[in-house]
Amino acid sequence: MAFITLTTDFGTKDHFVGAVKGAIYSELEDAKIVDITHEISPFNITETAYILKNSYKSFPKGTIHIIGVDSELSEENKHIALELDNHFFVCPDNGLISMIASEIKPTKIVEINIHDRIESSFPVLDVFVQVACFIARGGNLTVIGKEIKAFKKIIEIQPKVNQLENQIIGGVVYIDNYGNVITNINEKMFQEVGKGRDFVISAKKHTFTKIFSKYNEVATNKAYNNQQYEGHKLALFNSAKFLEIAIYRSNLDTVGGANSLLGLEYRDTITIDFINESKKDFTILT
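Counted the way this note's numbering counts, the sequence shown spans residues 12 to 297.
Worth flagging that the hints you see were computed from the coordinates, not collected in a lab.
Accuracy of the hints is not assured; some may be wrong.
In silico DSSO-like cross-links for lysine-lysine, where the CA-CA straight-line distance does not exceed 27 Å [said to hold, decoys possible]: (1) Lys171 x Lys216; (2) Lys199 x Lys225; (3) Lys116 x Lys199; (4) Lys163 x Lys206; (5) Lys24 x Lys72; (6) Lys199 x Lys215; (7) Lys171 x Lys244; (8) Lys68 x Lys160; (9) Lys89 x Lys160; (10) Lys157 x Lys171; (11) Lys160 x Lys119; (12) Lys72 x Lys119; (13) Lys32 x Lys43; (14) Lys252 x Lys72; (15) Lys163 x Lys199; (16) Lys68 x Lys164; (17) Lys32 x Lys89; (18) Lys160 x Lys221; (19) Lys157 x Lys72; (20) Lys216 x Lys252; (21) Lys252 x Lys215; (22) Lys160 x Lys72; (23) Lys252 x Lys116; (24) Lys199 x Lys68; (25) Lys164 x Lys119; (26) Lys89 x Lys206; (27) Lys215 x Lys171; (28) Lys116 x Lys171; (29) Lys163 x Lys116; (30) Lys164 x Lys225; (31) Lys163 x Lys252; (32) Lys221 x Lys206; (33) Lys225 x Lys215; (34) Lys89 x Lys157; (35) Lys171 x Lys199.
Distance windows between CB atoms, simulated [as the list claims (entries may be wrong)]: (36) His26 x Lys206: 49 to 59 Å; (37) Lys68 x Asp25: 25 to 35 Å; (38) Glu198 x Asn173: 37 to 47 Å.
Don't be surprised by glycine CBs; every beta carbon is placed ideally from N, CA and C.
The task is simple: from the sequences and hints, build the whole structure.
Here you go:
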């Protein structure tokens, strides 16, 4: 029995998701199909990468992940299949694999070459499904494509560290259902660069000098109901270990989320400045 996941920007109004599932079942009647999401912002590669990085590991080893975002075939946008961390990915080579493969390198990558036999304007249905089902039957990747050594990388997924290691420059890669703003700065980088130093996180005109371990830590006064703290801003490392800027008990219909209340959007710059001991006497505004 094969587990096959689907991650696309198709939405659920149209027939696309149903057609893909039907094609898989036509090939593998006992397949287990799981929707990771079909609500990726159209053509948003960075958002796709973040969601996949933080979901694929929850599935059993050997799971096949079909990724249908910006998947139209072109000279610049090849189709690839790869094995990474005992999982298989069938996707366009548009950089979305960069975040997943930033710490774990693929075991094998092939450029899919079955397009010569298939003319299609819907490659997820006509090509990716065939490749995924072939892998599910135990097929070797090299049968469906020539092996390659590298995949396309997108720079914006990776934060930068300045030469003096006093600053991390990152950006917003995802805004979740609560309006929480997720950056590409992970906890490991923060600890390695910061080395325990004081810091200032800057997000547009807003600054943070403390990172909480969970959301309700912001509600420090037990004399008040937690609802008294609704609307308080905070920074924390989320369950995926990425720096997140949030609004406590945010509700997009009432209180608002960090994206709307703080004016933060996808690709906005987020910086962390670390303070050397000799400079600790200056005033930090919070």
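Going down the list of hints, with the structure as the test:
1. Lys171 x Lys216: holds, 21 Å
2. Lys199 x Lys225: Holds. Lys199 to Lys225 sits at ~17 Å (cutoff 27 Å).
3. Lys116 x Lys199: holds, 18 Å
4. Lys163 x Lys206: Not satisfied, since the Cα-Cα distance of roughly 32 Å exceeds 27 Å.
5. Lys24 x Lys72: Violated, at roughly 31 Å.
6. Lys199 x Lys215: Holds, at roughly 24 Å.
7. Lys171 x Lys244: holds, 25 Å
8. Lys68 x Lys160: Given pair Lys68, Lys160 holds - Cα atoms ~23 Å apart, limit 27 Å.
9. Lys89 x Lys160: holds, 14 Å
10. Lys157 x Lys171: With a Cα-Cα distance of about 33 Å, the restraint between Lys157 and Lys171 is violated, given a limit of 27 Å.
11. Lys160 x Lys119: holds, 8 Å
12. Lys72 x Lys119: holds, 16 Å
13. Lys32 x Lys43: holds, 10 Å
14. Lys252 x Lys72: holds, 22 Å
15. Lys163 x Lys199: Measuring from Cα to Cα gives roughly 24 Å; hence the hint holds.
16. Lys68 x Lys164: holds, 21 Å
17. Lys32 x Lys89: holds, 23 Å
18. Lys160 x Lys221: violated, 42 Å
19. Lys157 x Lys72: Answer holds: Lys157 to Lys72 is near 24 Å, not above 27 Å.
20. Lys216 x Lys252: holds, 24 Å
21. Lys252 x Lys215: Holds, at roughly 22 Å.
22. Lys160 x Lys72: holds, 23 Å
23. Lys252 x Lys116: Judged against 27 Å, a Cα distance of about 20 Å means the pair holds.
24. Lys199 x Lys68: Judged against 27 Å, a Cα distance of about 18 Å means the pair holds.
25. Lys164 x Lys119: Holds, because 16 Å separates the two Cα atoms, which is no more than 27 Å.
26. Lys89 x Lys206: Violated - the C-alpha atoms of Lys206 and Lys89 are around 41 Å apart, more than 27 Å.
27. Lys215 x Lys171: holds, 18 Å
28. Lys116 x Lys171: Status holds; Cα separation ~20 Å.
29. Lys163 x Lys116: At roughly 13 Å apart (the allowed maximum being 27 Å), Lys116 and Lys163 satisfy the hint.
30. Lys164 x Lys225: Status violated; Cα separation ~32 Å.
31. Lys163 x Lys252: holds, 24 Å
32. Lys221 x Lys206: holds, 15 Å
33. Lys225 x Lys215: Since the Cα atoms of Lys225 and Lys215 sit roughly 23 Å apart, the hinted pair holds (cutoff 27 Å).
34. Lys89 x Lys157: At roughly 12 Å apart (the allowed maximum being 27 Å), Lys157 and Lys89 satisfy the hint.
35. Lys171 x Lys199: With Cα atoms ~13 Å apart, Lys171 and Lys199 stay inside 27 Å; holds.
36. His26 x Lys206: 49 to 59 Å: Given a distance of about 54 Å, which is inside 49 to 59 Å, the answer is holds.
37. Lys68 x Asp25: 25 to 35 Å: Hint holds: Cβ distance 30 Å, inside 25 to 35 Å.
38. Glu198 x Asn173: 37 to 47 Å: Taking Cβ atoms as reference, Glu198 and Asn173 lie about 19 Å apart, which means the hint is violated.
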